[in-house]
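Engineer: Taken in order, these protein sequences are the chains called P and Y.
Heads up: the first sequence begins at 25 in my numbering, then just goes up one per residue.
Heads up: the second sequence begins at 1326 in my numbering, then just goes up one per residue.
To be clear, the hints were calculated from the coordinates, so they are not data collected in a lab.
Owing to the predicted nature of the structure, the values given are computational and were not obtained by experimental measurement.
Even for Gly, the Cβ is constructed at its ideal location relative to N, Cα and C.
Be a bit skeptical, because a hint or two may be false.
Computed cross-link-like contacts, DSSO-like style, restricted to lysine-lysine with a CA-CA straight-line distance of at most 27 Å [as the list claims (entries may be wrong)]: (1) P/Lys-205 to P/Lys-157; (2) Y/Lys-1475 to P/Lys-144; (3) P/Lys-107 to Y/Lys-1475.
Chain P regions said to be covered by chain Y (calculated; three or more residues, Cβ under 8 Å) [said to hold, decoys possible]: (4) 111-119; (5) 128-136.
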Amino acid sequence: MIRLENIVKTYSDGDKSFNAVDGVTLDIADGEIYGIIGFSGAGKSTLVRCINLLEMPTSGKVFVGDKELTALSASELRSERKKIGMIFQHFNLMASRTVIKNVIFPLQYSGLTKAQMYEKAHSLLKLVGIDDKADAYPSALSGGQKQRAAIARALVSDPQILLCDEATSALDPQTTDSILKLLKKLNKELGITIVLITHQMNAVKEICTRAAVMENGRVVEENDVFNLFANPQQPVTRAFVDMTSNLSRINALIEERSPLTELKKWQCIMRFKYLERSACEALVSYLSRTYNINLNIIFGNIEIIGGNPIGGLVVIADGRPEDITAAQEYLRSINVGVEVILSA
Amino acid sequence: MPEFLNSIMPNVMKKLPDLWESTVETLEMTFISWAFIFVFGIIFGVLLTVTKKGGLLQNTAVYQILDKVINLFRAVPFIILLICLIPVSRAIVGTSIGVAGAIVPLIFGTVPFFSRQVESALAEVDPGLVEAAEAMGCSRIGIIFRVYLKESIPALARGVTITLINLIGLTAMAGAVGAGGLGNFAYVQGSQRNMNDIIYSTVVVLVVIVTLIQIIGNLVSKKSTH
Ligand SMILES: Nc1ncnc2c1ncn2[C@@H]1O[C@H](COP(=O)(O)OP(=O)(O)OP(=O)(O)O)[C@@H](O)[C@H]1O
Ligand SMILES: [Mg+2]
């Protein structure tokens, strides 16, 4: 659906020049929800703005559908842009127009009659759940409602693609959640391809099928979301994965010499990590029964990502050393990562 | 009542028709020149906005020239502009005196000011809106009218109000050098003949006009702010 070929975007300021996007190649399939994650300044916005050519890449090619956008004339590009909806962090609704007038804004010269435009806008406002706000001005809406209005506006020309640049970054966690659910619903019901730019790993975790991680203008890692979380390869990716989990907090506790980490004889602190699509069912009770060791869970973080459980546990294990070693071997055999963090 | 008015402003009461005629002349000068000022001011204000660095139709040459010419005209005192533009006025409207003769200098004196007002009103428009409109496939002309101008109506209304009030001040000055209107009336009938009540009467009329414009301007600005 979207293919970026070796996109470079250079900004120059006098004699200094700098690549905000530095040779990115990406393929985004039809119907996907594709995440692009990275810390501030990584070049995410610049990259996504290269998809609809709000930003003209310095070099590289952009294909959307079967058209090469980078080869189109200005007016051809304008009509292609109508097939690519876009929503923004700060919503970008027009304050002088009511919600419904904002939604029909892109329909001018679409050939529809006024009545058809309004009908279409109302049906979209119903779809996003704010039809009762049709005649309100944006200033009277909450952040979540504004983003819903912006989504309705982005969808009104029946686009095949929706680009979301930090669309939930200005919203509280609950509202973020509801907007993400809405995006997922739109993806399912309309089959629209979504590109989600974010620095919130949770957003990626919630709805994306695949994701790319950006750093310094480059895509440093790309994978389906489960593997991205289960086996992060790059330090940035690991930093993002750690942000969503509390399993790394054990290191801080040990550093602080928390009483929790004062171990007695035969005790050790271990971290279990579900690496593959291995279920986590009765692991703890199986270990204690089979190997006669006590397991005290101090952190647990198990989530379902892409339909599979992912995450791990931090436990204090108490048992004879040979039993603990046997248990570790068993865990490795079923592909659970085991790491002894501290032993007495 | 008439006796009372006669006693406090005897000269004005004798010249009421002249006062009325001068008021009409002032309004004529204001609104005829305003029609041109509005059109040119919007055009130049929009041009300044879109040709600026990072603008919709970035064009450094156009921006620099327009910017410098506007600064030049704003730096020249109006009274000097009045004198310098006599030949231009003769060439365009055929005369340099009376209401018609005042129009050209009023336009030259006010367009630069109003262009800046428009420029600063448009600068308040969130660049995000322009970007959103571009992303929707809106044409550049569409963005100018449907985003820049439409979204800045409250700020434009304030700019229009200030400019009109300024313009009325300038018509009075033009009047003093032979263009008719209230300025001329105050100077010729009042000041030169030592009839202070005539001067005061023109002040009262001007205050009323200015207040009305301010009230309407505030109303439009308020009504269009959502
Ligand atoms: N118009 C511009 N001129 C010069 N530099 C720019 C321009 N736009 C972006 N940059 C630079 O390019 C880099 C990438 O910016 P970009 O906005 O794409 O980052 P981002 O990943 O979206 O960050 P954030 O999460 O903060 O939105 C930044 O260092 C930024 O300063
Ligand atoms: Mg950004």
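Engineer: Under the constraints set out in the numbered hints, which ones does this structure not fulfil?
Structural biologist: As far as the earlier hints go, not one is violated by this structure.
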